[in-house]
Amino acid sequence: MMPAAIEIHHLSKVFRRRRSLRQLFPGAPPKPRETWALRDISLQVPRGMIFGLLGPNGAGKTTLLKILSCLILPNEGEARVGGYDTVQEDTAIKRVLGFVSSDERSFYWRLTGRENLQFFGTLYEIQGRELSDRIAYLLKRLDLPEQADKPFGDYSSGMKQRLAVARALLHDPPILLLDEPTRSLDPISAKHLRRFIGEELNGREGKTLLLATHNLQEAEQLCQKAAVLSGGRVLGEGSVEELPAWGRGKEGYVLVLTGLPFLPDGLCDGLTQTPLSGGRLRVAGDFGRDGEELTRLLGEVVRKGGRVISCTRVEPSLQEVFDRIEGETP
Amino acid sequence: MNKLRTLLAFFRKDLLEEMSYRTAFLMQIGGIVLTVSLWYLIARFLRPPEGAIPDFPGVPYFAYLLVGIAFYHYLGSALSSFATKLRGEQLTGTLEAMLMTPTPIPVIILSSALWDFFMTSVRVVLYLVLGAFFGLQLRFDSLLAFFLILFLTILAFSGIGILSAAFILYLKRGDPINFLISSASALFGGVFIPAQALPHSLGEVGRFLPITYALSGIRKSLLAGTRLPDLVPEVSALVVFVLILVPLGTAGFSLAVRKAREEGSLAQY
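Note that the protein sequences, when read in sequence, are chains A and B.
When the first sequence is numbered by this note's numbering, its final residue is 330 and no position is left out of the sequence of numbers.
When the second sequence is numbered by this note's numbering, its final residue is 269 and no position is left out of the sequence of numbers.
Do not rely on the hints blindly, as some may be mistaken.
Covered by chain A, per the in silico footprint, the following chain B stretches (three or more residues, Cβ under 8 Å) [to be verified]:
hint, region
1, 102 to 110
2, 250 to 263
Taking lysine to aspartate or glutamate and the EDC-like style, the derived pairs with C-alpha atoms no more than 16 Å apart in a straight line are [unchecked claim]:
hint, chain 1, residue 1, chain 2, residue 2
3, A, 225, A, 241
4, B, 172, B, 263
5, A, 150, B, 17
6, B, 3, A, 125
7, A, 191, A, 220
8, B, 172, B, 96
Derived list of chain A stretches under chain B, where covered just means 3 residues or more per stretch with a C-beta under 8 Å from a C-beta of chain B [claimed, not checked]:
hint, region
9, 8 to 17
10, 110 to 124
Keep in mind the hints are simulated off the structure, nothing from the lab.
Where is the CB? At the ideal position from N, CA and C, for every residue including glycine.
So that you can see chain A by itself, here it is in the shape it has in the complex:
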């Protein structure tokens, strides 16, 4: 059986803070010296899959990606990328791995896009004609040939991000790590990049992608499987179709009503009511997933002489999903 593209077994990482000079003096406020970034993480990313790594800021996603790209050493456990150990075989891993971050600063701003790719291509051990052909091919695929000879500093955010993808693909790695690649992009650029990731990199080329994101829709759109990380732990893992239901006990709705200044007693528990102009009332809150609570509320509103102007289902934020999963995790 072919091993998974990425295998993580009982991985833990604790960051230990160095004692500052101030803390050597008596009476200095004590600071926690240890922060657990990852605790006993185990995951398998099969070859050819887009696997989502979901979590709020500080969940440990970037730390995990940096361990996989050999920038950080774990304290416990083991991680293998393309069959290579992240601690012992870092050079072999870097030949089969590409990394896309959302950090615009990781390029030389006074150099052109092409010059940047030429420099990093040499560091990826590609030379001469092979490198120039590869750069031309990638610039074309990422829709950048017109801007290739302009300074990187003149690029828009979308172009910068596309160049970051081009750099990660210079050595044509079979595995890619993407750390919130659409974070700084406008909706249209983000959509184009998602399409490229899904259709081209994964669909056409069969690359394995580990995508760290806190965007639930992005994960739903791109990933086949996902794991939810919070506080350095894996809270849940499974098919992305199951993702919206994870930890979700209720459904969120926003109602706009008229004819009632406020909801009658007994109907408003746990709901937020905001009076709007024109005698309208905005009601927001969670309702049962089976529609029973919502139907009862709407029926009561109509019975009391009110009218429903709109009823909009609201996706819970990923943070809410995380909070609920966390609340349900023993």
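Add chain B to chain A, keeping to what the hints say.
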């Protein structure tokens, strides 16, 4: 071959960046012209008595001073360039992108300093050419010895420079090596005044600094035309420094990389 290509890639990248700051480059040249003029005037004003420079009878103080300060720049480059480049790449965020590539970290650090050494060489040549206008007379009959000593000098200084970069990598700032070594070298290494002119036994401190042997050898070859067989003491001392400092710097740097990977601070600043 790959390492040579990496060196050239760094050189090309730094050249392209430097060319985008044309004014700064021109101002550097203006600065060199003024500095050489200043040294000439200081040397003329001080006029040390005959025999004040024991190893170089008949060599004017301006020539002694100019060669000393010009080649002292290599020490400055070695001490600062590895650490400064590393810190610069940390600050601009490009270090992390480089560390994601299969190119080994020591190759990245060595290559990043190549441009600084090249520019130092350009500056040294400019100093010497300008010095010639002020009466500096160089001997070119011992160039083999000169280049051998220069090569060993750069290697020995680089050992200290790499150790200095290790401090930056781990501590992020507050490199304690740079300031101490450069000041001690300027004072005791015979850059401005011969060790014999220092009070009491202070001149003996220079024996423990590579710059003493580097400047002695370079001055002997360039100012007195001394041949390689007569420069064996300087060459041997520099070889010993290279054998100690390069492995020490490399080991210190490897340790710093390991500690930074443990702490997750490799690309932090």
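Hint check:
no.	hint	in the structure
1	102 to 110	holds (count 4)
2	250 to 263	holds (count 4)
3	A:225 <-> A:241	holds (8 Å)
4	B:172 <-> B:263	holds (12 Å)
5	A:150 <-> B:17	holds (14 Å)
6	B:3 <-> A:125	holds (9 Å)
7	A:191 <-> A:220	holds (13 Å)
8	B:172 <-> B:96	holds (15 Å)
9	8 to 17	holds (count 3)
10	110 to 124	holds (count 9)
The earlier numbered hints are all upheld by this structure, with none contradicted.
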